[in-house]
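Participant: Since the structure of chain A is already known, use the hints to place chain B on it.
2 protein chains.
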Amino acid sequence: MNMNRRNFFSTVTTGTIGLVAIPEILSAAMPSGEKKHKGVLSSLKTGDVILFQGDSITDAGREKVNQLANSPASFGSGYAFMAGANLLNTMASSQFSIYNRGISGNKVFQLAERWQKDCLDLKPNILSILIGVNDFWHKLNGKYDGTVEKYENDYRQLLTLTKKMLPEIKLVICEPFAVQDGSAVDEKWFPEFDGYRASAKKLADEFESIFIPYQTIFDEAQKHAPGKYWTGDGVHPSMAGNSLMAEAWLKAVK
Amino acid sequence: MNMNRRNFFSTVTTGTIGLVAIPEILSAAMPSGEKKHKGVLSSLKTGDVILFQGDSITDAGREKVNQLANSPASFGSGYAFMAGANLLNTMASSQFSIYNRGISGNKVFQLAERWQKDCLDLKPNILSILIGVNDFWHKLNGKYDGTVEKYENDYRQLLTLTKKMLPEIKLVICEPFAVQDGSAVDEKWFPEFDGYRASAKKLADEFESIFIPYQTIFDEAQKHAPGKYWTGDGVHPSMAGNSLMAEAWLKAVK
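Chain order of the listed sequences is A and B. If you read the first sequence in my numbering, its first letter stands for residue 1, the second for the next number, and so on. If you read the second sequence in my numbering, its first letter stands for residue 1, the second for the next number, and so on.
Don't take each hint at face value.
In silico DSS-like links for lysine-lysine, alpha-carbon gap of 27 Å or less [claimed, not checked]:
no.	chain 1	residue 1	chain 2	residue 2
1	A	K223	B	K163
2	B	K228	A	K254
3	B	K201	B	K123
4	A	K45	B	K223
5	B	K223	B	K45
6	B	K123	A	K228
7	B	K201	B	K254
8	A	K251	B	K251
9	B	K64	A	K64
10	B	K164	B	K188
11	A	K251	B	K143
12	A	K254	B	K254
13	B	K45	A	K254
14	A	K228	B	K45
15	A	K228	B	K254
16	B	K201	A	K254
17	A	K123	A	K139
18	B	K64	A	K228
Please keep in mind that the hints were generated in silico from the structure rather than gathered at the bench. The model shown is predicted, which means the values in this text are computed figures rather than measured ones.
Just chain A, with the same shape it has in the complex (with noise of 0.2 Å):
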């Protein structure tokens, strides 16, 4: 996405095309076909536990205080918040306790210190992780020593624990992403960051997980608007960046 955003949206908006809803996204970024994992949700029991973990991105602002289940300050105004109300909303017999523990920073090890109080005391059926961009960020301005097969390695080990301890646990890991676009990502990043990706996609293939692939819907996306309309930054979601995030957990995990 090299072009301006003035000129891309005179381009894009020309007769009626501008006002036209955009679901055509994630059809074609999450084509039907490659779902593995249908309808996970309904085999849950009433009363089942969901975890967002990851950095930032899950954060989104929420309150760390209190912490608690279904609680819109307690999820901040992130993709976990939309995609979490989604479910209690139209799910709500189900009774499900949602939790977010995300925090700002973290990179894979930083979870590993927290795992036992922030994943396994809450006894999550379904966990969804997002996790990796700051591995490779930190690493690329001087702040972590860190490379590509720690993140895997970590990751592993924080995935074999996890299975370890809860065996019938549902695991979601969604795809680290950057946005070229955006003003905290430049060329630097790749192709050294698409290994952080690579690495999160095989996990997903070893533990038998959902996979989200964030960076091919991001990368969709920019057909419809430009990068930093997703994320400003390149990182952090927009508000429809979010939106679209959700719509991805959504559609793979129900």
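Facilitator: Leaving out everything else, chain B in the frame of chain A:
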């Protein structure tokens, strides 16, 4: 809804009913035939402005320093965030600027006090207002001496001014609601509170506004889960309640 929460769930979750999704709440509460204003959004132009106004239900913990358009932090964790984000996602090429200017505790006269900067100056093309529960509640608990007549007159004056200053504006008037199962709402609210709902409906008709029947929607929702599930105190919606409200808003306006 006098049923105890535990009994309610043990009733509705017998067999597999508990895991069925429930889109039928809105089909029942908002039959398509009642929709007078179809496709309001399709009449908007690229770059148009959409404004959410109201009290704490709209505010939903938003930051009030920057109050940016289309910004997750500036939207809080409520129905306005979810409805706005959905529009920005599904109508990405329209480049809407969407604002939230709800403020906790507001009654109609307090909207009026800040109307120039928090509404007219923003020049909205669509203005959505949810106001009224505090006009009644603060009177009930002795903090305010306004009546339902003052509510209706103040509201009419506000809408008249708005239409005078912005003749092309499209209005969305949301019905104030109270859910009796909630901790803050008891039989003392009724039937007096119903008058505030009736005034909002009357004004929606007078000003040819879209009207969103939130009381009807929450009444219908209680057929699927107890009132406390949708709003803990009967006034402030839960995650499920906010999602249901956003869905209703989108159904009415799109």
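Participant: For each hint, tell me whether it holds in the structure or not.
Facilitator: Results of checking the hints against the structure:
1. A/K223 to B/K163: 38 Å, violated
2. B/K228 to A/K254: 25 Å, holds
3. B/K201 to B/K123: Measuring from Cα to Cα gives roughly 24 Å; hence the hint holds.
4. A/K45 to B/K223: 20 Å, holds
5. B/K223 to B/K45: 39 Å, violated
6. B/K123 to A/K228: 25 Å, holds
7. B/K201 to B/K254: Measuring from Cα to Cα gives roughly 20 Å; hence the hint holds.
8. A/K251 to B/K251: OK: A/K251 and B/K251 at ~20 Å, within 27 Å.
9. B/K64 to A/K64: 20 Å, holds
10. B/K164 to B/K188: At roughly 38 Å apart (the allowed maximum being 27 Å), B/K188 and B/K164 break the hint.
11. A/K251 to B/K143: Judged against 27 Å, a Cα distance of about 47 Å means the pair is violated.
12. A/K254 to B/K254: 24 Å, holds
13. B/K45 to A/K254: Distance ~34 Å between B/K45 and A/K254 Cα, so the pair is violated.
14. A/K228 to B/K45: 21 Å, holds
15. A/K228 to B/K254: 25 Å, holds
16. B/K201 to A/K254: Status violated; Cα separation ~37 Å.
17. A/K123 to A/K139: 32 Å, violated
18. B/K64 to A/K228: 23 Å, holds
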